[in-house]
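Asker: All chains should be modelled from the sequences, with the hints used to inform the complete structure.
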Amino acid sequence: MAEFTQQDKIEISKILASIEGRLDKRLVKLTMDLILKTSWTKNVAINLYKNNVDNIPDKSLNAFLSGSHFGQIYQISLDFAKKLELSLSPNQKNILREFVFFLVLLRTEK
Numbered sequence: 054m055a056e057f058t059q060q061d062k063i064e065i066s067k068i069l070a071s072i073e074g075r076l077d078k079r080l081v082k083l084t085m086d087l088i089l090k091t092s093w094t095k096n097v098a099i100n101l102y103k104n105n106v107d108n109i110p111d112k113s114l115n116a117f118l119s120g121s122h123f124g125q126i127y128q129i130s131l132d133f134a135k136k137l138e139l140s141l142s143p144n145q146k147n148i149l150r151e152f153v154f155f156l157v158l159l160r161t162e163k
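Heads up, the final residue of the sequence shown is numbered 163 in this note's numbering, and it's a clean run with no missing numbers.
Keep in mind that the hints were calculated from the coordinates and are not lab data.
Hints are not guaranteed to be accurate.
The calculated lysine-lysine pairs, modelled on DSS-like cross-linking and capped at a C-alpha distance of 27 Å, are [said to hold, decoys possible]: (1) K67 - K90; (2) K67 - K146; (3) K135 - K90; (4) K62 - K90.
Derived DEER-like restraints, expressed as beta-carbon distance ranges [what the hints assert, rightly or not]: (5) T58 - S140: 33 to 43 Å; (6) L137 - T91: 26 to 36 Å; (7) E73 - E138: 19 to 29 Å; (8) T58 - S92: 17 to 27 Å; (9) K135 - T58: 19 to 29 Å; (10) Q59 - M85: 13 to 23 Å; (11) G120 - D86: 17 to 27 Å; (12) A116 - G74: 26 to 36 Å; (13) K136 - Q59: 30 to 40 Å; (14) Q128 - I72: 11 to 21 Å; (15) N144 - M85: 30 to 40 Å; (16) D86 - I63: 12 to 22 Å; (17) K135 - G74: 14 to 24 Å; (18) E64 - N144: 30 to 40 Å.
Glycine included, C-beta positions come from ideal geometry on N, C-alpha and C.
Answerer: Written out as structure tokens, the structure is:
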């Protein structure tokens, strides 16, 4: 699990307050656990990167890894919503996407 500073914890609290009542609490909890409490492997992403380096615009491995994690976690979060039998409106999907993006960036910095 990533170690967070007091400022990081304040930022997480702010984002949670901003989405309170807009997304199901169970979905938020599952998504946070997925991002913050699981270990991330770089092996698969690095192999994908090496095989496609000519197609990556700025050749940035960090950007590629962050984008890979973001896409996978967002899709898993949508799958969580289906399993929880939640019907997400387009606005809720946008909120979820921004929430995942924020946490992935925060986690990537650690």
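Asker: Just to be sure I understand the hint, the distance between the Cβ atoms of T58 and S140 should be within 33 to 43 Å; is that true here?
Answerer: 37 Å, holds
Asker: Below or equal to 27 Å on CA atoms is what counts here, so check K67 against K90.
Answerer: Holds - the C-alpha atoms of K90 and K67 are around 20 Å apart, at most 27 Å.
Asker: I want to verify a distance hint. Is the separation of the beta carbons of E73 and E138 within 19 to 29 Å?
Answerer: 21 Å, holds
Asker: Quick check: does the Cβ-Cβ distance between A116 and G74 fall within 26 to 36 Å?
Answerer: For A116 and G74 the Cβ distance comes to about 33 Å; the hint holds.
Asker: E64 and N144, beta-carbon distance inside 30 to 40 Å?
Answerer: 22 Å, violated
Asker: How does the Cβ-Cβ distance of N144 and M85 compare with 30 to 40 Å: does it lie in that range?
Answerer: At roughly 20 Å between Cβ atoms, M85 and N144 fall outside 30 to 40 Å, so the hint is violated.
Asker: Starting from the range 17 to 27 Å, see whether the pair G120 and D86 falls in it by beta-carbon distance.
Answerer: Cβ of G120 to Cβ of D86: about 21 Å, so the range 17 to 27 Å holds.
Asker: Regarding the pair K67 and K146, is the alpha-carbon distance no greater than 27 Å?
Answerer: 19 Å, holds
Asker: Could one say that the CB atoms of T58 and S92 fall in the range 17 to 27 Å?
Answerer: Once the Cβ atoms are compared, 20 Å apart, the range 17 to 27 Å for S92 and T58 holds.
Asker: Would you check the hint for K135 and K90, treating anything up to 27 Å between C-alpha atoms as holding?
Answerer: 22 Å, holds
Asker: Lying within 30 to 40 Å: is that true of the beta-carbon distance K136 to Q59?
Answerer: Check passed, 34 Å falls within 30 to 40 Å.
Asker: Do the Cβ positions of K135 and T58 conform to the proposed distance bound of 19 to 29 Å?
Answerer: At 35 Å between Cβs, range violated.
Figure legend: structure checked against the earlier numbered hints; hints not met, in rising order: 6, 9, 15, 18.
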